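As given, the protein sequences belong to chains G and F, one line each in that order.
With the numbering used here, the residue at position 46 of the first sequence is 46, and numbering never jumps.
With the numbering used here, the residue at position 166 of the second sequence is 166, and numbering never jumps.
Hints were generated in silico from the structure; no laboratory data involved.
All figures in this text were calculated on a predicted structure; none of them were measured in a lab.
One should not assume that every hint holds.
Calculated cross-link-like contacts (lysine to any residue; reagent style SDA-like; alpha-carbon spacing at most 25 Å) [claimed, not checked]:
id: 1; chain 1: G; residue 1: Lys63; chain 2: F; residue 2: Ile46
id: 2; chain 1: G; residue 1: Lys63; chain 2: F; residue 2: Gln152
id: 3; chain 1: G; residue 1: Lys139; chain 2: G; residue 2: Cys75
Covered stretches of chain G (in silico footprint by chain F; criterion: 3 or more residues with CB under 8 Å from a CB of chain F, positions within the stretch not fixed) [stated by the list, open to error]:
id: 4; segment: 107–118
id: 5; segment: 185–195
By construction, the Cβ of each residue, glycine as well, lies at the ideal position given by its N, Cα and C atoms.
What follows is the residue order along each chain.
There are 2 protein chains.
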Amino acid sequence: MRQESVLDFWLDYASTYSYPAAERISVLAHATGVRVRRRPFLLGPIFKAQGWDTSPFNIYPQKGEYMWRDVARICHALGLPFEPSAQQFPQNSLLAARTALVGFADGWGEDFSRAVYNAEFAEGLNIAEPGVIAAILKKLGLNAAHVMERAQSAANKALLRNETGEAQRLGIFGAPSFVTADGELFWGNDRLEPALAWAAR
Amino acid sequence: MRQESVLDFWLDYASTYSYPAAERISVLAHATGVRVRRRPFLLGPIFKAQGWDTSPFNIYPQKGEYMWRDVARICHALGLPFEPSAQQFPQNSLLAARTALVGFADGWGEDFSRAVYNAEFAEGLNIAEPGVIAAILKKLGLNAAHVMERAQSAANKALLRNETGEAQRLGIFGAPSFVTADGELFWGNDRLEPALAWAAR
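Make a model of the complete structure from these sequences and hints.
Laid out in structure tokens, this is it:
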């Protein structure tokens, strides 16, 4: 029997283009018979290593203006609501990423991820606020206080640091990124299909 | 009768992703009933305005390493040869752009464009060398000396400066870029299809 194909989906909860990718990936992966591993990480430390203290979309305003228009068009074509907060970009995604790691260990990570992106980019909420994350957890039927305690444990903090280090080691410099079992890196929502095709070969 | 749809295809001859876009656009535009206007310009002055003295693919090595792999994969999938010179990136595209403007006025601009990209990215030649441009012109059955004299005229130099200024005014920050008649900007080879779809609406 052929070995199962796996694709790693590296996502940052502050990343605009990760939102449509997170919405699209399940159906497309199912159609190609590829199993997806979602791997939350933080772009911040990777940007810092490139000399950036914020998103390149803020540093290069023309690129930023284009990105907002481009993501709005992409979401519109997919029928996805897109009403991000005008005030805050990028949002601090540390708490969301830590909480997501608990969720992926427990089996509710995908639902949590999509709810986080929806809160941030469709409802205009700030995912750095513990209350926003707690409300998402409650909606998923979870004990928010208990989950967030685990999210903030030393072991879980170290896990996220390790994952971010692994992303850096793989040459990841943006999100979403996709990495196949044989080490092919694909960057961007628009590379989801070629990444899945590569993984399914 | 419905008015003809037009899409402006802004290209820099030093741009790797413009190569597959230039190869793909004619067939796709024909299929969607959109007329394409090819508009050569120079990214250099636009990069300078952002504080870059070379391509961001050189400034950010991880992004650069990814780009070479990504373009190789894209060309492989299209059956396009891709064997760029290892030494020179980005190449100086000034002479090619000036010559192309003469070609678009005279009707051989598209053939010239594709030959330039082929020389640069499939044959590993340096398009900054007048001999390389002259050889392309000769292969197209043109009087190379005469064309290159027109390319280097004061009026033609001013035309290229104006086109680059217009690109900047439109918010263009990379190549290839596509701009519809109603001002929608699309950036990247991977945005060719949505740009054509927008233009054809």
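Now the hints, each set against the structure:
no.	hint	verdict
1	G/Lys63 x F/Ile46	12 Å, holds
2	G/Lys63 x F/Gln152	32 Å, violated
3	G/Lys139 x G/Cys75	24 Å, holds
4	107–118	violated (count 0)
5	185–195	holds (count 7)
Of the numbered hints listed earlier, those contradicted by the structure are 2 and 4.
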